[in-house]
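With chain A's structure known, arrange chain B on it following the hints.
Line by line, the protein sequences are chains A and B.
Numbered according to the working numbering, the first sequence spans residues 1 to 187.
Numbered according to the working numbering, the second sequence spans residues 188 to 439.
None of the hints are false.
Where chain B lies over chain A, by a calculated footprint (3+ residues, C-beta under 8 Å): (1) 89-103; (2) 116-129; (3) 144-157; (4) 172-178.
If you're looking for bench data, these hints aren't it; they were derived computationally from the structure.
For glycine and all other residues, C-beta sits at the position ideal for the given N, C-alpha and C.
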Amino acid sequence: MHRDRKRLFVDRFKWDVKVIEGEFELDEFDTDDAVYLIETDPSGNHLASVRLLATSRPHLLSTVFHSLCDGPIPTGDDVMELTRLCVSPEIASPEAARLCNLMWVASVEFALLFGVSQYTGVSQAQCLSSLLSAGWEIVPLSLPREIHGQLTGAIVIKITPETLRRARARFGYRYPVLEVIPQTKAA
Amino acid sequence: MGQFRDVQGFIRNANEAQNLQELSGVLDGMSRSLGFRYYALGHHVRVVSGTLLQIANYPHSWAERFAERGYLADDPAVTACQKAIVGFLWSDIHLLIPLNERQKTILSESRAAGLGEGFTVPIHLPGECSGSCNFVTTFGKTIGASVLPIAQYVGCFAFEAARRLAQIAGEQSSNCRAPTVPHLSSRQLDCIVLAARGKSDTDAGQLLGISNQTVHQHIETAKRRYGVATRTQLIVRALFDSQLAFRDIIRR
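One chain only, chain A, in its complex shape:
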């Protein structure tokens, strides 16, 4: 996952983020407290993932992107930050698009299972239309600003059972996609 994240975010998107040992993208929020939704192939190789962070402790919007918000940032037990949505860069469309949609559906299922009513996040302006058309109820936290030449804005995605119904209908899923594996904490 961290290897694919380096290839996608650093090599392709040219993000200015930390790289460990030249091949892993890993930041201060990749801790035991982070939740990862991961899709793998049958042999366990990473295909796609997304990272969910508790907003009761420091996260991207409260630190790195704090200046993106014009008002208070939603935080609390029912708010998580959704970041690092990553599809392995070797995978071509339409499989990449399918995996991306799968991650969205999984995120909504996770939210409903674990009592998350809102995801916060940072989105580039050109992604906004497709997020809206997927049926997400999106509320901007600020007007978009230019970051590294890209119009970027902080947003909130509100999650309700209706969100899941719309996402499943739009992406053609009839059954839950999420399988919960409790994390065994490393000593």
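Frame of chain A; chain B shown alone:
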């Protein structure tokens, strides 16, 4: 911050609009408060059946001429949308596309009709025809750069609100709910994409490392799931449902 509150208010009102007429009023008010006089929101391609999503408040004379002369297909802003993922100013269109004589005519006639600087927010949704939300000043009036990010957001939210209202109207008129999208496996999608690119079952099989019979089977199963008889119908339906995108098929 006043402008952000205006946008929040606009999003709320747009989401609560019960019909396109209400949305038009909300969008008119918002575009004026940003310093524009006109707006035009819509899809770019006329579909054979069904309604073309279009709302605008252009001067009557210009709207009529535009429709009569079939300018939509050649509109420079519409053409430039194919090259843009975020909003652009009409005065920058020549940087995106070379303008032909007809397009230069459209631009000069629009100025004669009283339209000034425009800002076009392109909307590209996989599996749907492209659209845009345009904001236009009266002739002679310019627009400050600080307004453009706001217009970008307003355009996206307005388009989605219009899209939702058009969908509701469509569902009511056909008196049924939108059918759910049949599930297609990634292998079936691979086969459909290759068929849409004009590959034979044998060629597709070689590219995917499976036999031509297996390719045939995948496509037949997908056709059954959609309840359609031909590959053409299958490709069109899968595109319409965003199971695949035009980008998957057409490489430029």
